[in-house]
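Undergrad: What follows is each chain in one-letter form.
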Amino acid sequence: MLERSLAEGAFVVTAELGPPKAPDIEAIRRKAALLKGQVTAVNITDNQTAVVRVSSIATAAVVLASGLEPVIQVTCRDRNRLAIQSDLLGAFLSGIRNVLCLTGDHQKFGNHPQARGVFDLDSVQLIAMASRMRDEGCFECGEEIKNSKNAPVLAPRIFIGGAANPFGDPFEAQAMRVAAKAAAGADFIQTQPVFDLERFLRWMEVLRTLGVPEKVAILAGVMPVKSYKALEYMDRNVPGIRIPGLLIERMKKAASPKEEGVAICVETMRALQQVPGIRGIHIMAVEWEDVVAEIVHQFGNGVGSAVA
Amino acid sequence: MITAQRKPFDEIYRSASRHRKILVLGCGSCMTVCMAGGETEVLTLSQQLELAARERGDQLQIRMRTITRQCDREFFDDETARLVFESEAVISMACGVGVQFCAERFLGATVYPALNTQFYGATVQPGVWAERCVGCGECILESTGGICPVARCAKTLLNGPCGGSQDGKCEVNDQQDCAWQLIFDRLKASERIAFFAKIRAPKDWSRSGNGGPRTIVREDVTLQ
Amino acid sequence: MDDSRADDGVRIVAFCCHFCAFTAADTAGTMRLQYPTNLRIVRVPCTGRVDITMILHAFCEGADGVIVAGCEEGSCHFTRGNLRASKRVKRARELLREAGVDPQRLEMYHVAAAQGPLFAASAREFIKRVEDLQLVEGGKAQT
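Protein chains in written order, with the working numbering: chain A, 1 to 308; chain B, 1 to 224; chain C, 1 to 143.
Since the hints were derived computationally from the structure, they do not count as laboratory data. Hints are not guaranteed to be accurate.
[As the list claims (entries may be wrong)] Quick list of simulated restraints, FRET-style, between CB atoms:
#1 B/Glu74 <-> A/Val153: 55 to 63 Å
#2 B/Gly96 <-> C/Arg49: 32 to 40 Å
#3 A/Arg199 <-> B/Ile140: 26 to 34 Å
Heads up, the beta-carbon is just placed ideally off N, CA and C, and yes, glycines get one too.
Start from the sequences and build out the full structure, keeping to the hints where you can.
TA: The following block contains the structure:
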């Protein structure tokens with residue numbers, strides 16, 4: 001259990017599972033099988049980069065049935081507060097406990113750029129709303145979560161996460177935003193992938209002065225890449241990610257790019273483990289789920305995983 | 001002011017060419033300032049329509065007039081009324097408000113829009129107009145250093161910035177300033193950073209256009 | 001614009017700035033350089049005075065082609081009038097295209113006051129261009 005592992009002080013490793021574009025249940029099961037036993041919990045992305053895929057909750061249900069603990073992701077881009085609250089209750093009812101609350105990449109990046117971005121809430125408000133549902137047992141409007149006047153309040157006991165970007169600007173504001181998410185009730189934070197360690201360390205320093213690592217469990221993100229082209233693509237096209245030139249050079253010169261990518265990832269993980277305030281790692285092996293086992297093995301931190 | 005841009009010419013011509021006598025009616029206020037539908041634009045469009053009609057062998061008699069604005073009844077004077085009723089249709093170069101109001105004033109008249117109305121904005125420099133307000137009905141400028149995130153943040157965040165802000169620019173368009181960077185800078189410079197740290201509750205969107213068309217009534221001023 | 005066509009040729013209006021183009025035209029005359037008489041010159045203080053509606057007006061009144069001739073870059077007597085004219089000519093060509101008139105019927109030239117030969121050559125070249133267009137388009141009659 002993600003919550004339990006963190007409470008016990010274990011160094012946690014989570015990974016990501018991207019739902020398929022087509023409703024192919026076997027594809028989900030295959031990916032889940034690759035990750036089972038490797039990590040504590042698995043994030044199920046939600047129309048990532050505004051490209052339509054099978055929903056996070058439906059995919060999470062399949063992942064759960066496969067014996068792996070999911071973390072659903074909810075963006076503010078596609079749903080208003082009604083739909084989100086409804087989804088949270090539905091997810092909880094289906095056995096899903098962990099929820100990562102995100103703003104969401106703008107719809108212009110995806111395959112439906114003409115869609116209306118909802119953005120009824122932002123991620124801070126979303127976290128506040130989710131934690132209110134859990135801690136006070138009431139909806140955003142103030143009504144209690146119960147079926148009738150005399151029925152018991154059934155608060156969804158969810159474990160709430162937020163995202164953070166140590167590489168976004170303005171530097172100080174991004175750090176303050178993490179503090180806001182902590183104050184709003186977040187239990188854990190997952191960061192964008194770390195390629196620029198020096199900047200990440202500076203960011204963690206600011207967070208420490210704001211007292212944030214004591215309030216939320218920060219999991220640092222890492223991403224293994226297969227080629228220098230992948231790095232260049234991300235640098236140019238993915239919002240919030242910037243890659244140091246040295247890294248691109250290193251990948252270019254590598255005899256075996258995939259192995260180099262894994263090596264860089266593991267090196268980064270080991271460095272991050274030493275950073276005070278970091279409680280774990282979040283591996284984003286986008287469309288490369290089969291490399292996670294290798295990474296975890298090299299990292300050498302036998303992390304238990306099965307769903308309690 | 002309200003800003004707009006002229007519609008693609010073919011679209012306007014399609015409307016105009018259904019008729020033989022049209023009035024191109026301009027607006028002397030916002031549409032003049034944003035150079036979309038003032039006297040000059042009325043003349044230019046009429047010239048184009050004349051040339052196009054000639055090219056296609058269509059009969060098109062074009063009259064022109066520009067009034068102060070098309071969103072107040074008073075400005076639809078007798079001369080305008082005469083021209084409207086002598087024409088088969090009006091090509092209005094007002095914003096969406098004026099186009100509709102003109103039709104309401106002259107019941108039975110056919111009024112076509114020549115413009116695509118865009119936003120409430122300011123003239124940043126000659127020839128450049130930028131959006132500043134979306135009329136959300138609940139102004140929060142006091143707490144954001146005078147910079148509006150509802151109008152200027154692509155995700156209407158009230159607790160920004162998002163992780164996509166880079167070098168002061170928005171993830172959606174790297175020519176676009178990140179509103180939250182601007183707000184942060186402004187608040188920091190004026191030592192009001194506490195405003196930045198404040199967590200803002202979800203917005204009441206029912207007060208913006210999302211709740212249906214709005215009306216304002218000043219009882220002390222109405223005539224009835 | 002008079003209705004009678006003294007010659008059966010195309011009718012061209014040329015907005016020429018007083019300081020450069022008009023003087024160049026004058027120089028061409030003094031040098032006895034031949035250029036066709038279909039060119040009706042309108043002297044303006046600066047091409048910056050020419051706005052889009054003036055150009056379109058010429059076409060509406062029956063011109064087959066319009067020239068806007070001003071100073072060379074950097075030499076405008078009023079500093080940037082010729083640059084403003086360039087931008088407007090560009091826009092006017094777009095508006096003409098939308099209205100179904102070939103944008104090649106409008107051209108901007110930059111000539112120095114002493115460049116009589118250049119003015120004459122430009123005029124000849126432009127008139128030929130418009131004549132060719134007339135042939136291709138079946139001689140759109142200006143009724």
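Undergrad: So, for every hint listed, does it hold in this structure?
TA: Do the hints match the structure? See the list:
1. The beta-carbon spacing between B/Glu74 and A/Val153, approximately 59 Å, falls within the hinted interval of 55 to 63 Å.
2. For B/Gly96 and C/Arg49, the hinted distance range of 32 to 40 Å is satisfied, since their beta carbons lie about 35 Å from each other.
3. Taking the beta carbon of each, A/Arg199 and B/Ile140 are about 32 Å apart, inside 26 to 34 Å as hinted.
Checked against the numbered hints given earlier, this structure breaks none of them.
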